[in-house]
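Each protein sequence line maps, in turn, to chains Z and P. Take 1 as the starting number for the first sequence in this note's numbering and just add one per residue. Take 1001 as the starting number for the second sequence in this note's numbering and just add one per residue.
Please keep in mind that the hints were generated in silico from the structure rather than gathered at the bench. The beta carbon of each residue, even a glycine, is placed where N, CA and C say it ideally should be. Do not take every clue at face value.
With a cut-off of at most 30 Å between alpha-carbon atoms, the simulated DSS-like pairs for lysine-lysine come out as follows [claimed, not checked]:
1. K1059/P with K1079/P
2. K1042/P with K1063/P
3. K1069/P with K57/Z
4. K1063/P with K1079/P
5. K1057/P with K1042/P
6. K13/Z with K57/Z
7. K57/Z with K1068/P
8. K1079/P with K1042/P
9. K13/Z with K1042/P
10. K1059/P with K1069/P
11. K57/Z with K1042/P
12. K1069/P with K1057/P
Which chain Z residues stay away from chain P? Per the calculated CB distances, all over 12 Å, these [unchecked claim]:
13. G16
14. S22
15. Q37
16. G40
17. P61
18. F69
19. R73
For reference, the chains in residue letters:
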Amino acid sequence: KAGVTQTPRYLIKTRGQQVTLSCSPISGHRSVSWYQQTPGQGLQFLFEYFSETQRNKGNFPGRFSGRQFSNSRSEMNVSTLELGDSALYLCASSSPPGEQYFGPGTRLTVT
Amino acid sequence: EDQVTQSPEALRLQEGESSSLNCSYTVSGLRGLFWYRQDPGKGPEFLFTLYSAGEEKEKERLKATLTKKESFLHITAPKPEDSATYLCAVQAPTGTASKLTFGTGTRLQVTL
C-alpha cells in the first residue's frame, strides 16, 4: 500500500508570498492532519480534515488555511509568508482516527 | 492544556547498552499514547500505540509501556541503526476530532 505523499518536497519562497502544499493520504484514509515542525517548537498541530470538513484547528494565525477534496487529498495554504514560517510541514493520514501515518514532509524556506 | 515532556533530551549509548526513554504526560482523558521514530529529514515513522495503563507492546529491540502518568520506551541491546529521534505524542478526544500533542523528542545516538 502506498504511503502518504507530499509535494513539493522542498520549497523556497520570499517574505510576503503565499504557498500551497499538497498531501495525498494513504488509500482509504479519510482523515488528514497537518503539523508544523521547527527545531525550537517541535511538532505542532495545525488542523485536521475529515470528509472535506475541518474538524479541529491548532493555535496558528488565519494566514494558515487548508482544505480537503472529495478524494481525501488535502492542501494547506500559507499567505503573506514570514521568516518564522520556515519549517518542515508534515501531513498525516488515519482511518479511523487513531494511528497517524506521516508523509516525508515539505521543507519550506522563507527568505 | 495537554502537555508532553520527554527525557532525556539526548542520549548516547554504546551498542548493546540497554536504556529507557521517558515520556510524562498531562491530558484530560487519554485516548491513546503514540511513539514515533524520526530520522533526519524524514517524517515520523509510527512505532506503537498504547491505550490503557498496564499495556505493553514490543517490536524487535523496542518495548513500550504505559502508566497513568508516563510511558517508557525501553531499548534492549541497541544497534547503530536505532539512532534516531524518538517522539512521544498523546491523543485526547475533542468531540469527534482528534489531534496529537507531541513532546520535543529524545535524540538517541548508538555508537559501536
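The hints, checked one at a time:
1. K1059/P with K1079/P: holds, 14 Å
2. K1042/P with K1063/P: holds, 23 Å
3. K1069/P with K57/Z: Holds, because 26 Å separates the two Cα atoms, which is no more than 30 Å.
4. K1063/P with K1079/P: holds, 15 Å
5. K1057/P with K1042/P: holds, 24 Å
6. K13/Z with K57/Z: Roughly 25 Å between the alpha carbons, so the hint for K13/Z and K57/Z holds.
7. K57/Z with K1068/P: holds, 27 Å
8. K1079/P with K1042/P: Holds: K1079/P and K1042/P sit about 20 Å apart, inside 30 Å.
9. K13/Z with K1042/P: holds, 21 Å
10. K1059/P with K1069/P: Holds - the C-alpha atoms of K1069/P and K1059/P are around 22 Å apart, at most 30 Å.
11. K57/Z with K1042/P: holds, 24 Å
12. K1069/P with K1057/P: Since the Cα atoms of K1069/P and K1057/P sit roughly 17 Å apart, the hinted pair holds (cutoff 30 Å).
13. G16: At roughly 27 Å from the nearest Cβ of chain P, G16/Z sits farther out than 12 Å, so the non-interface label holds.
14. S22: holds, 15 Å
15. Q37: The claim breaks: Q37/Z does not keep its Cβ more than 12 Å from every Cβ of chain P (closest is about 9 Å).
16. G40: violated, 9 Å
17. P61: For P61/Z, whose nearest Cβ neighbour in chain P is about 18 Å away, the distance exceeds 12 Å, so it holds.
18. F69: F69/Z is indeed farther than 12 Å from all Cβ atoms of chain P, at 19 Å.
19. R73: Check passes; 17 Å lies beyond 12 Å.
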